[in-house]
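Asker: 2 is the number of the first residue of the sequence shown in my numbering; add one for each residue after it.
One thing to keep in mind: the hints can contain errors.
In silico EDC-like cross-links for lysine to aspartate or glutamate, where the CA-CA straight-line distance does not exceed 20 Å [as the list claims (entries may be wrong)]:
| # | residue 1 | residue 2 |
| --- | --- | --- |
| 1 | K47 | E109 |
| 2 | K33 | E86 |
| 3 | K116 | E72 |
| 4 | K47 | E72 |
| 5 | K116 | D70 |
Just the calculated beta-carbon pair ranges, DEER-fashion [what the hints assert, rightly or not]:
| # | residue 1 | residue 2 | range |
| --- | --- | --- | --- |
| 6 | K116 | K82 | 32 to 42 Å |
| 7 | H46 | K116 | 12 to 22 Å |
| 8 | E86 | K116 | 31 to 41 Å |
The set of hints was computed from the structure by calculation and includes no laboratory data.
We put the beta carbon where it would ideally sit given N, CA and C, even for glycine.
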Amino acid sequence: MAWWRRRKNETSGGGGTVSGRKDGPAMTIDHKAVRAYTENWVATHKGVEAYVEPATNVSTTTLVLIATDGEWTRRAVGTPKAGFELGRLLGIPVYDVNQTGYPARMREWNRRNKKS
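Could you put the whole structure together from the sequences, leaning on the hints where they help?
Answerer: Right under this line is the structure:
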């Protein structure tokens with residue numbers, strides 16, 4: 002199968018990610034940029050908590066930051082371990098979304114800010 006050989010040759014030596022991928026489970030993640038963004042987001046929002054979302058067939062593991070007012074942002078982190086470590090580095094509570102679900106304030110914020 003030629004497509005399998007092509008795909009296999011695209012993988013890099015660093016963790017099996019597909020070089021240059023912009024999305025999906027094999028995407029390349031700029032961890033410094035993610036950390037800088039999340040540090041700024043936490044510094045500019047009140048009562049932020051982090052929720053680690055599992056990888057899917059179309060996305061890698063992500064970290065969702067949710068403020069007290071329900072505003073939220075999502076960034077790719079690559080692995081659950083990386084998500085929990087980043088949350089701890091930020092000094093905020095970190096949860097597994099599969100265990101806790103999303104807080105009601107996030108759903109309420111989405112409802113209030115729904116784009117028609």
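Asker: Against each hint, give a clear statement of whether it holds in the structure.
Answerer: Outcome of the hint check:
no. : hint                    : in the structure
1   : K47 to E109             : holds, 17 Å
2   : K33 to E86              : holds, 13 Å
3   : K116 to E72             : holds, 14 Å
4   : K47 to E72              : holds, 10 Å
5   : K116 to D70             : holds, 18 Å
6   : K116 to K82: 32 to 42 Å : holds, 34 Å
7   : H46 to K116: 12 to 22 Å : holds, 21 Å
8   : E86 to K116: 31 to 41 Å : holds, 33 Å
Against the hints set out earlier in the document, no violation occurs for any number.
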